[in-house]
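Colleague: Given the structure of chain A, go ahead and fit chain B onto it with the hints provided.
There are 2 protein chains.
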Amino acid sequence: MEDSFDLQRWSADCLTRVERALERWVTADAPADLEHGAPAELVEAMRYAVLDGGKRLRPLLVLAACEAVLGNTAAGLRAACATELIHAYSLVHDDMPCMDDDVLRRGKPTVHVKFGEATALLAGDALQALAFELLTPDDASVPAGMQAHLCRLLARAAGSAGMAGGQAIDLASVGKPLTERQLRDMHELKTGALLQGSVMMGAACGATSPGAWAALAAYGAAVGLAFQVVDDILDVTADSATLGKTAGKDALHDKPTYVSVLGLEPSRSRARELLDIALAALDDSGLPPARTSVLRALADMVVNRVN
Amino acid sequence: MEDSFDLQRWSADCLTRVERALERWVTADAPADLEHGAPAELVEAMRYAVLDGGKRLRPLLVLAACEAVLGNTAAGLRAACATELIHAYSLVHDDMPCMDDDVLRRGKPTVHVKFGEATALLAGDALQALAFELLTPDDASVPAGMQAHLCRLLARAAGSAGMAGGQAIDLASVGKPLTERQLRDMHELKTGALLQGSVMMGAACGATSPGAWAALAAYGAAVGLAFQVVDDILDVTADSATLGKTAGKDALHDKPTYVSVLGLEPSRSRARELLDIALAALDDSGLPPARTSVLRALADMVVNRVN
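So the protein lines, in turn, are chains A and B.
Numbering (the numbering used here) for the first sequence: -6 to 300.
Numbering (the numbering used here) for the second sequence: -6 to 300.
Isolated chain A (complex conformation):
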């Protein structure tokens, strides 16, 4: 399929840039204007949490949206890395014993297993701060107004009305029957807010019409929710080796999922509907189709992925 071939090439190029940037920015070196760098062990834990791959879906969404609006590429790269730092910190904290108590992540010991709980806690905290530091470079590469807008979008997506709030609802809903609406609300915050935020941050790297902005918001919301529906499906249909994490975890922890609430086939239909919504939003965006082809391919990848 031509589309997926293109996506693979585009993704590989983007991921190389993102990995190099993260490698450079998650470091103990003190900037020229500061006396101190960061302590080595803390930075080692931060690097361990961030530089071990993963799908990098959030950076890809940022960069795809940035390209769709012909955005500032320096800003796009910084925003891409910032969303990944937030995602990485959330995994570090989520894996801790007081949360999901997970010992493996992407086939490696989790951060708290390798570095201890206290260092894991601090590494997560420092990764969140670093995300905002990356968005506010002290040079002219990213206009100040764009820096502020990117910080605003990321702060909302990560905070109590976004990712952290969704995790709190998730915690509170273990063992409770949820309606589809309640489940959707939880996921819209827990994973949806940062995925949609990634699209919007990419869009904020350029100039967009109100119509394109709203369309990209609708696209981001649909892709964000589809990601979680598919996650729930894969948790019951895939094996741990394919997933790279423990399969069947949701049922084990008695967590409500799309599959437990709707059933497997209706969940698959729901994921396809969300893909249609995402693609229709791009059709209505007023953006030239040539510039939204990567966003289309990413939406397709999210829904049809196997891990």
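Check each hint, because a few of them may be wrong.
Since the list can't tell identical chains apart, any single copy or any two copies may satisfy a pair.
[As the list claims (entries may be wrong)] No more than 30 Å apart at the CA atoms, straight line, and that leaves these computed lysine-lysine pairs for DSSO-like:
(1) 48 <-> 107
(2) 107 <-> 169
(3) 101 <-> 48
(4) 107 <-> 242
(5) 242 <-> 169
(6) 101 <-> 242
(7) 48 <-> 242
I should point out that these hints are in silico values taken from the structure, not numbers from a laboratory.
Modeller: For chain B alone, coordinates are given in the frame of chain A:
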């Protein structure tokens, strides 16, 4: 003493504004442009962590520096609250069992004791995000360039080369003999970075000459370190009731302190020296003395406080 009387009146007025602002901003209400607010229990934990008083030294430093440079008052209030949110989140995480394992804070059960560890972890995470959200209002009250500058200063002060880094060094140094230099480096990051950052954020709310900026940085560094030296002194000389927290904790946890490294009297001399350095920096700032009187009084208060 006229100075301290003035400071009390000034502080009371500032604290009223800060309390009202925190009361309004740490909330579950969804902004008009967002569908979701934050889950109630998470926000309750965030409010519990923030709205229970404390000295509010960081907000006072922000507001005093903002006044010294005739800064934007809306920006000053937001920056003041943002520094307090970062401070509050650090206390929530610091009190957790995997860190200092403290059950009392300001005479009340700590957040994890009252709400559980998972909620405490998420509340701290969400407070950090909220700090950056406060700095980036979606209106014209704070110029975009100022928003970006404030985010940059706060992110650096809070991150791995600032507060979080200092806590990591603190953890690693339990039970180890430190030189005064090593101790100073640790404290410059752990408490100094955010205290100095508070001064600089206040300064960033207005226009400053390079000379005034450097002088305020020197003032902030001296006051930040003095605060910690006095903290170490009070830990051995004050009782728990006066401190509002467990006295003698440092020795109990075998943590190196100024008193354990230098002795009590030399630590007192050191605090007085730092006060002199802070005041001399203001003399050299080029700012009119009338505008730096609050900063002078705050430095004096930090060194001569009893809790």
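Colleague: All hints, please: hold or fail.
Modeller: Taking the hints in turn, this is what the structure says about them:
no.: 1; hint: 48 <-> 107; in the structure: within (22 Å within a copy, 37 Å between copies)
no.: 2; hint: 107 <-> 169; in the structure: between (33 Å within a copy, 22 Å between copies)
no.: 3; hint: 101 <-> 48; in the structure: within (15 Å within a copy, 43 Å between copies)
no.: 4; hint: 107 <-> 242; in the structure: both (22 Å within a copy, 28 Å between copies)
no.: 5; hint: 242 <-> 169; in the structure: within (16 Å within a copy, 41 Å between copies)
no.: 6; hint: 101 <-> 242; in the structure: within (17 Å within a copy, 37 Å between copies)
no.: 7; hint: 48 <-> 242; in the structure: within (19 Å within a copy, 44 Å between copies)
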